[in-house]
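Generate the whole structure from the sequences, applying the supplied hints.
Residue numbers (our numbering), protein chains in the order written: chain A, 1 to 373; chain B, 374 to 720; chain C, 721 to 1029.
Note that these hints are calculated values from the structure, not bench results. Some clues are possibly wrong.
[As the list claims (entries may be wrong)] Residues from chain C shown here face chain B by an in silico Cβ test under 8 Å; the list is partial:
1. Val809
2. Leu812
3. Pro838
4. Leu880
5. Arg882
6. Ala955
7. Ile958
8. Arg961
9. Pro1014
[As the list claims (entries may be wrong)] Straight-line C-alpha distance at most 25 Å; calculated SDA-like pairs for lysine to any residue:
10. A:Lys111 x A:Lys129
11. A:Lys115 x B:Thr561
12. A:Lys69 x B:Val541
13. A:Lys372 x C:Thr990
14. A:Lys111 x B:Leu406
15. A:Lys353 x B:Val541
16. A:Lys134 x A:Leu110
17. A:Lys372 x C:Trp730
18. A:Lys372 x B:Thr561
19. A:Lys159 x A:Glu363
20. A:Lys317 x A:Gln345
21. A:Lys69 x B:Leu406
22. A:Lys111 x B:Pro548
No residue lacks a Cβ here, since even glycine has one placed at the ideal position from N, Cα and C.
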Amino acid sequence: MTQRQLTRRDVLAGATALAGAAALAPLPARAAARPLIVGFVYVGPRNDYGWNQSHWVAAKKVGALEGVKVIEQENVPETVEAEKVMEGMIRHDGAKVIFATSFGYWPTVLKLARKYPDVLFTHIGALWKDGDPKNAIGYRGYMEEPHYLCGIAAGHATKTGKIGFIGSKPLYFIFNNANGFILGARSVNPAITCQVVITGDWNNPVREAEVTNSLIDQGVDVIVANVDSAKVVIENAERRGIFSCGYHTDLSELAPKGFLTGAEWNWAAGAQFVKAWQTGGPYPNLLRGGFKQDMVALSPFGRAVSQDVRARILKVKQGFTDDSFKLYRGPLKDNEGNVVLKDGQVIANDDNKFKLGVNFLVEGAIGKTGLKK
Amino acid sequence: MLARAWAETAVLTAGALLVTLALFGAFVAARGLDPLAVYAALYVGAFGTWFSLEDTLTQAAPLMLTALCTAIPARAGLLVIGGEGALVVGGLVTVLAGVALAGAAPALAIPLVCAAGALAGGGWIAAAGALRHFRGVNETISTLLLNYVAIAIMNHLVTGPMRDFEQVLKPASWPVGEAFMIGDIPGTSIHRGLALGVAACAAAWVLARRTTFGFGVDVLGGNERAARLVGLPIGAMVLVTCFLGGAAAGLAGAVEIVAVHGFASASLAVGYGYAGILVAFLARQNPLAVIPVAILVGGISASGGLLQRRFGLPDAATLVLQGILFVAVLASHALHGRLRAFRARPA
Amino acid sequence: MTPAVELGWWGVPIAVVGGAIRVSTPYLFVSLGETLTEKSGRVNLGLEGTLVMGAMSAYAVAYLSGSPWLGVLVAGLAGALLGLVHGAVCSLPRVNDVAVGIALFLLGTGLAFYLGKPYIEPSAPRLPHVSLGAWSASPQVRAALEINALFVAGAVLAPLLRWALRSTRWGLVVRATGDNADAARALGHSVAAVRTLATVLGGFLAGVGGSFLSLYYPGTWNEGLSSGQGLMAIALVIFARWNPTHCLWVSLLFGGATALGPALQSVGITSNYYLYGAAPYALTLALLVWSSSPKQALAGAPSELSISR
Chain A
1 MTQRQLTRRD
11 VLAGATALAG
21 AAALAPLPAR
31 AAARPLIVGF
41 VYVGPRNDYG
51 WNQSHWVAAK
61 KVGALEGVKV
71 IEQENVPETV
81 EAEKVMEGMI
91 RHDGAKVIFA
101 TSFGYWPTVL
111 KLARKYPDVL
121 FTHIGALWKD
131 GDPKNAIGYR
141 GYMEEPHYLC
151 GIAAGHATKT
161 GKIGFIGSKP
171 LYFIFNNANG
181 FILGARSVNP
191 AITCQVVITG
201 DWNNPVREAE
211 VTNSLIDQGV
221 DVIVANVDSA
231 KVVIENAERR
241 GIFSCGYHTD
251 LSELAPKGFL
261 TGAEWNWAAG
271 AQFVKAWQTG
281 GPYPNLLRGG
291 FKQDMVALSP
301 FGRAVSQDVR
311 ARILKVKQGF
321 TDDSFKLYRG
331 PLKDNEGNVV
341 LKDGQVIAND
351 DNKFKLGVNF
361 LVEGAIGKTG
371 LKK
Chain B
374 MLARAWAETA
384 VLTAGALLVT
394 LALFGAFVAA
404 RGLDPLAVYA
414 ALYVGAFGTW
424 FSLEDTLTQA
434 APLMLTALCT
444 AIPARAGLLV
454 IGGEGALVVG
464 GLVTVLAGVA
474 LAGAAPALAI
484 PLVCAAGALA
494 GGGWIAAAGA
504 LRHFRGVNET
514 ISTLLLNYVA
524 IAIMNHLVTG
534 PMRDFEQVLK
544 PASWPVGEAF
554 MIGDIPGTSI
564 HRGLALGVAA
574 CAAAWVLARR
584 TTFGFGVDVL
594 GGNERAARLV
604 GLPIGAMVLV
614 TCFLGGAAAG
624 LAGAVEIVAV
634 HGFASASLAV
644 GYGYAGILVA
654 FLARQNPLAV
664 IPVAILVGGI
674 SASGGLLQRR
684 FGLPDAATLV
694 LQGILFVAVL
704 ASHALHGRLR
714 AFRARPA
Chain C
721 MTPAVELGWW
731 GVPIAVVGGA
741 IRVSTPYLFV
751 SLGETLTEKS
761 GRVNLGLEGT
771 LVMGAMSAYA
781 VAYLSGSPWL
791 GVLVAGLAGA
801 LLGLVHGAVC
811 SLPRVNDVAV
821 GIALFLLGTG
831 LAFYLGKPYI
841 EPSAPRLPHV
851 SLGAWSASPQ
861 VRAALEINAL
871 FVAGAVLAPL
881 LRWALRSTRW
891 GLVVRATGDN
901 ADAARALGHS
911 VAAVRTLATV
921 LGGFLAGVGG
931 SFLSLYYPGT
941 WNEGLSSGQG
951 LMAIALVIFA
961 RWNPTHCLWV
971 SLLFGGATAL
981 GPALQSVGIT
991 SNYYLYGAAP
1001 YALTLALLVW
1011 SSSPKQALAG
1021 APSELSISR
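Written out as structure tokens, the structure reads:
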């Protein structure tokens, strides 16, 4: 399996070719009537209107594939229980593909992938590296790209010049998203500042509501929340009459007046992995991508976004899609005055190493990452 | 006579189990499922295959230890619900000890780091015991508050001062190192923490039922005034029972580190402490009975997964099952000593 | 949309006051309910499950019927029902009420999550509020002083309950049952009946407290809504020394302390957020230690209460 990122087209082409070849060859025993069992493991309730729901949406797509049956288990904590659950799916239910949909499941995935080489494991952390088992896939979308677009919308919408980013835990992808949001907003107005606040929990409605209200009291009038379910934040923002952006899934209905747009996942690549495993086709071990690889999406625009702004946002989106627009480009300073990128320096949109190492917040952010420099 | 009491308990518990199954069967039937199929899945998921048994025992292991955190002080008449906090504190100190002893011989270091975790947990709950004895602060509320404080401190430490920044999956502490992991019981995929849990329960039972200290604690738990009149060292008993209970939960935290994760993170606080309270009450605060009850509760957790996957039942169904079981067993306690078959015959 | 006045550090006390009112209401109702229950001599640790069940049923009913107040009523009734189960099982001999409470905590939470699955996505109508801050030009002050109707109800109920327990015959019966069951029996009252009734009423109040969470603040239903708030409220009863009016102050204190962390974060104190999150609990513990003494270990504790013996 090659390490370079395969586009969907590659995977499809490979699978089609193989399927074509297989049509001429005698049918392998596996293609007999028994369906392929695919197991989805969620860390929380699957209809949480957020993170887990985005995977549930993907699970439904996978379940719609021919010859595939999906089994699901929710509320599986990142402890030894996760190992027993995944093994149970393999041993009791005969699962041949496991979707591990929480970051902390990765050590368990590595352990079990070695133990069960005939089972495919996918993980949404995209941490696969050379030497890891070949029957494991890491895939994840670059959410900083749609966050950049949300930032542009925020930049046009804000009247106070203060926007807010609520994050759950101090992890690199949260800070990448924050940076995307701030860079997008400051591309409209370089004087915009963004309060970056960490709640400390993936899901804590009371604290999220309190933080939202406190930020609004400080003059913030556009908010985006990177928590398991942004519903509380968006609804409270709507009540106070400010703008909001969504995360994970389409939350536009929650705030008819104040919703701008949102950053959504597109986990549909999962269906491709299942098909490849079913037919013996090739698959990537590491799949990271933004708009170009169709792994992220933008929520529908809210009423508050004018046609003119929509056009501008879609233009930048096209820039991501054809890779002509780069998110991290110099000159770039962080919010402590250090130079991150010199004039002329540009980071490729798929530079994984850089993004994994993001331990800073860009200029204009008010807050700290707490990560070691 | 002891055999009679155990037999009565077994019969009553079996009766409670049957009632629970009947009620749960009605519950799932309302959803259109076949109760018999659900029962079969419950059995298969908990005890039906060797894998299920391993799963059940793995889930039961931490519960045996955290149950002691409630059961041991309860014998002295204290209601301690601080197992969650003691476990977390124990885990943190285990990591610190492991890092401090890095490079030392595992045969020496592993017992030391586990002991450190146990000591930390013991101290945590003993502090609540001291507050109770010297300041009259109700131990139920103080240990509950200490739970939140412990979890907050843990989160703070693993996100900052004790954080391993190489670990990008989640905020996690420094690792104790592969050399200090205790691994599985040979021939199984159950970690050695299970053996520690069983040993701790057995030791606690011996202490409670076979020593004068244990007897004194029973007196204290039954009637504090009487204990005072007889001149028992109340303060010492309160502190020691709290310490021992906390040490058991702290040991559970150590086990989570050296047998499961290898580092501390928010995954230490997943409810083992609270589940332990349930186990302790079901076992009527008897350390030896904690073992089978923990296995039962572990079995429900283990089979809950199968229920979700086979029948599309939500995870909450397992909570409902546990709740019904608990209520049924508690109601059955009312029948203790009432059943003719088990009444002691007059001499 | 009025532009916000630049607040700076003034945002912190405003947020604390607003938070005290916003966050305290569920604690207030649960602690009032538990005070009544414990005054009669019974501990109901199941109120956490009742709170969650109340939140879910209120949200579901409000969404289905369009009336949030109907949701509140149903939440109370659901709580009363769970209280009835608690009272009934505890009336059996030799049953430990702490254990039954934990059992109902599990059962209530499990049922709430189970039945509440379809209601996580939809939005239910909210409870109304009274704007006590209309005099202010500052939108922040106005927002902080938006008092919810339930808080008003609770604030009125607290002194009312204290008066009822102290000065009415019914209150005397309840207290007698809690202090000396034999004396109460001698007076001709059924101890079991009084305790069950007190538990039912306590459950009703806890259910109403839960409805506040889902129908006002945070104003949503999901499985992470309460992280032990019901349990914490029961602890607050002990802190309040079983005095209903103290429950009001203690709940406000706790709510204000909960709002402190987020308020500090929004003015730029972004580190140590976990420690600020622990502030309400640490504060409560510190005050509890300071205000306790071994002599009058639990002044005001009903003597029949299993946890205060």
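Hint by hint, here is what the structure shows:
no. : hint                : verdict
1   : Val809              : 6 Å, holds
2   : Leu812              : 4 Å, holds
3   : Pro838              : 11 Å, violated
4   : Leu880              : 25 Å, violated
5   : Arg882              : 21 Å, violated
6   : Ala955              : 4 Å, holds
7   : Ile958              : 5 Å, holds
8   : Arg961              : 11 Å, violated
9   : Pro1014             : 4 Å, holds
10  : A:Lys111 x A:Lys129 : 14 Å, holds
11  : A:Lys115 x B:Thr561 : 14 Å, holds
12  : A:Lys69 x B:Val541  : 33 Å, violated
13  : A:Lys372 x C:Thr990 : 16 Å, holds
14  : A:Lys111 x B:Leu406 : 35 Å, violated
15  : A:Lys353 x B:Val541 : 12 Å, holds
16  : A:Lys134 x A:Leu110 : 10 Å, holds
17  : A:Lys372 x C:Trp730 : 32 Å, violated
18  : A:Lys372 x B:Thr561 : 40 Å, violated
19  : A:Lys159 x A:Glu363 : 20 Å, holds
20  : A:Lys317 x A:Gln345 : 21 Å, holds
21  : A:Lys69 x B:Leu406  : 19 Å, holds
22  : A:Lys111 x B:Pro548 : 17 Å, holds
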